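Starting from the given sequences, assemble the full structure and let the hints guide the process.
Take 8 as the starting number for the sequence shown in our numbering and just add one per residue.
Since the hints were derived computationally from the structure, they do not count as laboratory data.
Computed from a prediction, not measured in an experiment: that's the story for all the values here.
Among the hints, a few may not be true.
[Said to hold, decoys possible] For each label pair, taking beta carbons as the anchor points, the in silico distance ranges come out as:
1) 32 x 127: 56 to 64 Å
2) 122 x 45: 20 to 28 Å
3) 134 x 53: 47 to 55 Å
[Unchecked claim] No more than 25 Å apart at the CA atoms, straight line, and that leaves these computed lysine-lysine pairs for DSS-like:
4) 45 x 25
5) 95 x 25
6) 114 x 126
Think of the CB as a built atom: it goes at the ideal place given N, C-alpha and C, for glycine as much as any other residue.
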Amino acid sequence: MLDFDIAAMYGVENRRLKEQVRRNIERFPDDFMFQLTKNEWNELVANCDNLPEGVKFSPATPFAFTQEGVAMLSGVLRSPIAIDANIKIMRAFVAVRQFVLNQPIDKTSKLEQEVKELKQYMEEVFADYNDINEDTRLQLEQIGRALAEMQTQSRPPDKPRRKIGFFTEEQRQNGEDIIE
Numbered sequence: 008m009l010d011f012d013i014a015a016m017y018g019v020e021n022r023r024l025k026e027q028v029r030r031n032i033e034r035f036p037d038d039f040m041f042q043l044t045k046n047e048w049n050e051l052v053a054n055c056d057n058l059p060e061g062v063k064f065s066p067a068t069p070f071a072f073t074q075e076g077v078a079m080l081s082g083v084l085r086s087p088i089a090i091d092a093n094i095k096i097m098r099a100f101v102a103v104r105q106f107v108l109n110q111p112i113d114k115t116s117k118l119e120q121e122v123k124e125l126k127q128y129m130e131e132v133f134a135d136y137n138d139i140n141e142d143t144r145l146q147l148e149q150i151g152r153a154l155a156e157m158q159t160q161s162r163p164p165d166k167p168r169r170k171i172g173f174f175t176e177e178q179r180q181n182g183e184d185i186i187e
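Right, here's the structure in full:
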């Protein structure tokens, strides 16, 4: 959290908050509080629409407090408003941490998982299908070769064939029913 936001919640002027922090600087190591660089501050100002107007053009860059730094502020600022605000801030930090650690199952991530499982299943089905196709192709080739061999080996000699159909008595006597 930035110093001007905390000062507004605690009901104190930002310069008073910074003054108290500087007087008790030993309570705020680098992992509790740090001051933004000019580049960081300029980037924040450029990308944030809801900064207070007086803060945007302040010559000093703001302090940024971690959760531990906000907790340490309760020992520096002792007004009833500051204590109440500090309790609410700490509860908000705990709630955010709980939310991050115990995120509800997101419908999108559930859908992504289902799509991933479906994709894996389809890949397995196509692999099986390709195996079946390969087996079927080999079997059809074998059948084709066997039929070709049968045609060349057992071709009957060219001999006259019997006619099919109705014959008159005269045709039968002449032997026309026997030879084509």
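Unsatisfied constraints (hint numbers, rising) = Failing hint: just 2.
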